[in-house]
Amino acid sequence: MNFIGTWMLRFAFACCLTAFLLIVFKKESDESKNLGILTGVVSCFGVLISSILLFYSLISGIFSVEYVYHSTEKSLPLIYKISAFWSGSSGSMLFWTSAFAVLLIIIYFRDRHKNSTKTIFGVLLFVMTLFMFVVTFINNPFKLVSAESDGFGLNPALQSLGMVFHPPVIIISFSFFFIAFAYQLFDIRKNTEEHVEITWKWAMWGWILLTFGIVTGGIWAYTELGWGGYWAWDPIENSSLVNWLFATAFIHGLRIKGKNNKRMNFVLIFLTVFTILVGTYIARSGLLESVHAYSSRGVTVVFGVVLLVLILFFIIYNFKIKKLHANDISDNHNENSFKKILLALIKPSNMFSTLTIITAVLVFGGTTFPLYGGLFVSDASATPISFYEYVFGIYGILILLIMAINPMFSPKKFLLIPGSACGLIILGLMLFLTEYSILTNLCLSVCAMLTVNLIIQLVIKYKNRTVHLSHTANILLHASLIIMAVGVACSMGMLVSTNETLEKGNVMVVKEYEVKYRNLYWKEEPGKTTAVSVVGVSGPMGKIQLKPELSYYQKMKTAHSRAVIKSTFKEDLYIIFEGIDENDNISLKVKIVKWISLIWIGSVLLILGTVLYYFSETKKTKDKLIKKLE
Numbered sequence: 001m002n003f004i005g006t007w008m009l010r011f012a013f014a015c016c017l018t019a020f021l022l023i024v025f026k027k028e029s030d031e032s033k034n035l036g037i038l039t040g041v042v043s044c045f046g047v048l049i050s051s052i053l054l055f056y057s058l059i060s061g062i063f064s065v066e067y068v069y070h071s072t073e074k075s076l077p078l079i080y081k082i083s084a085f086w087s088g089s090s091g092s093m094l095f096w097t098s099a100f101a102v103l104l105i106i107i108y109f110r111d112r113h114k115n116s117t118k119t120i121f122g123v124l125l126f127v128m129t130l131f132m133f134v135v136t137f138i139n140n141p142f143k144l145v146s147a148e149s150d151g152f153g154l155n156p157a158l159q160s161l162g163m164v165f166h167p168p169v170i171i172i173s174f175s176f177f178f179i180a181f182a183y184q185l186f187d188i189r190k191n192t193e194e195h196v197e198i199t200w201k202w203a204m205w206g207w208i209l210l211t212f213g214i215v216t217g218g219i220w221a222y223t224e225l226g227w228g229g230y231w232a233w234d235p236i237e238n239s240s241l242v243n244w245l246f247a248t249a250f251i252h253g254l255r256i257k258g259k260n261n262k263r264m265n266f267v268l269i270f271l272t273v274f275t276i277l278v279g280t281y282i283a284r285s286g287l288l289e290s291v292h293a294y295s296s297r298g299v300t301v302v303f304g305v306v307l308l309v310l311i312l313f314f315i316i317y318n319f320k321i322k323k324l325h326a327n328d329i330s331d332n333h334n335e336n337s338f339k340k341i342l343l344a345l346i347k348p349s350n351m352f353s354t355l356t357i358i359t360a361v362l363v364f365g366g367t368t369f370p371l372y373g374g375l376f377v378s379d380a381s382a383t384p385i386s387f388y389e390y391v392f393g394i395y396g397i398l399i400l401l402i403m404a405i406n407p408m409f410s411p412k413k414f415l416l417i418p419g420s421a422c423g424l425i426i427l428g429l430m431l432f433l434t435e436y437s438i439l440t441n442l443c444l445s446v447c448a449m450l451t452v453n454l455i456i457q458l459v460i461k462y463k464n465r466t467v468h469l470s471h472t473a474n475i476l477l478h479a480s481l482i483i484m485a486v487g488v489a490c491s492m493g494m495l496v497s498t499n500e501t502l503e504k505g506n507v508m509v510v511k512e513y514e515v516k517y518r519n520l521y522w523k524e525e526p527g528k529t530t531a532v533s534v535v536g537v538s539g540p541m542g543k544i545q546l547k548p549e550l551s552y553y554q555k556m557k558t559a560h561s562r563a564v565i566k567s568t569f570k571e572d573l574y575i576i577f578e579g580i581d582e583n584d585n586i587s588l589k590v591k592i593v594k595w596i597s598l599i600w601i602g603s604v605l606l607i608l609g610t611v612l613y614y615f616s617e618t619k620k621t622k623d624k625l626i627k628k629l630e
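The letter at position 627 of the sequence shown is residue 627 when you use UniProt numbering, and the numbering goes up by one with no holes.
Bear in mind the hints are in silico, worked out from the structure with no lab data behind them.
Treat the hints with care, as some may be off.
What the hints assert, rightly or not - Simulated crosslink set (BS3-like; lysine-lysine; CA at most 30 Å straight-line):
hint, residue 1, residue 2
1, 570, 511
2, 528, 516
3, 528, 511
4, 570, 190
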């Protein structure tokens, strides 16, 4: 398997590199470009065969293959043997390359006669060549180890359904954004808007998948990883958030006409794919401490060089585009285009995008501060979590406020009065009657204002019988954001958390709950020894018995705790078994998380609303095309 897998990787890499060179360094009309595309398709099949071989090795338990040995074991359930494919650095990179390969094959058979196909192949083959170089020559997943009868096993934290869905969905979403970038690159190079709709479609599905991936990652962290939260402002998490923010601004910008917006959109989709590669670099380089990081030797230099090349490409390409389009610019073409972009950003129609871009830049700057902070301060440590909370909190409040006062919701100015009054009343009551943070109070009051305005809009639409598919999608999207915002504000701003070490029979009190340590017993399972604590809980949920567990994995010499969560619509009781001493005293972390159910409900509605919006916009485009043909 090592011989076949390694040579298939080398074959795929050689084809990727050859195809990329044929496409990029030949003239537009040169037939070598078509040969490059065909070679690219061959490389795609080579990549897919390599992936199938690795899948087979993982499922069959060929432990002489290093990647299989470090990722699986005989007792590992089949579903986790499959997810082990993307659990490591080289496997996840090969999976990502396979996603590119599948998409390129689809594009080839669907659009091979279009001029844009060459650009799409050129962009994706560049990334595929980079990834194939890494998995072929630096982190070869088919590398041999001494023959072993069993594997080392999969990290306990990765033995979860979250691992099955979260990483592959994120990776596939990234692939969609690269295709959107390729279409946008073709359009701006040819000074056309031929592919605006298809760019929007690829970007929308990328955004939907990325949103789903981020949400499933949050659920995975909250329910399985045992630290008690759904977002830790970890560098890799922040990276996906920055990607999401830039992509959001890009999608919003695609719906706004104008030459400056066209240039700005190119900048935004470039920043989206650039920060995707930066996040990949961070995850594999070890430059920033992250619980999501891979230990990957040799990748740092490769990705560092590629990122520098991309920056140079962007700068050079910008100058080239200006020269190509010099004749198409209006009389005031001498005016600085950077100034034009800035003026476009402060237009009312672009305020949403502007705030989103600023937030993305601040989060990105905070995340990477340890890398450049030494130039300005002596101790460039990690950016405090409070910085991100304030940045994103202010962003969320301003976005909700813009939505609340948007003319779409208030065609007549007096309709703003009820919502504004409601928001101010709630803000005043919370300031005087609660001790929550100012961000929590502001967020809830603005949500109240937006809710009233949304209800007024619904009444007007229903009365005038003007509720259409697009209106329903917009209402669902705005409602989902309100629900999520309330969930985030309450789950973070009203969080109660207590740590305590208990002797058997002792009780800890957390707000209205009493948690009593009743008993402890041990159980032996394949590959691990588990301590099970029996705790009795009495409080608003009644009297219940819960069994938090702490497992020790012999092969990995590591302990892992899974949270026990008792949920209601209003709140979650969250208990983590953190440790045990020689006298069987246990350390528990108990949290009361308010209204976190609203985050999950809002997330589902957000994704459904976005899908509905996608189909409503697609229908509009088809209707316009039919009218033109008539």
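Check your understanding: Against which earlier hints does the structure fall short, listed by number upward?
Key -> 3 and 4
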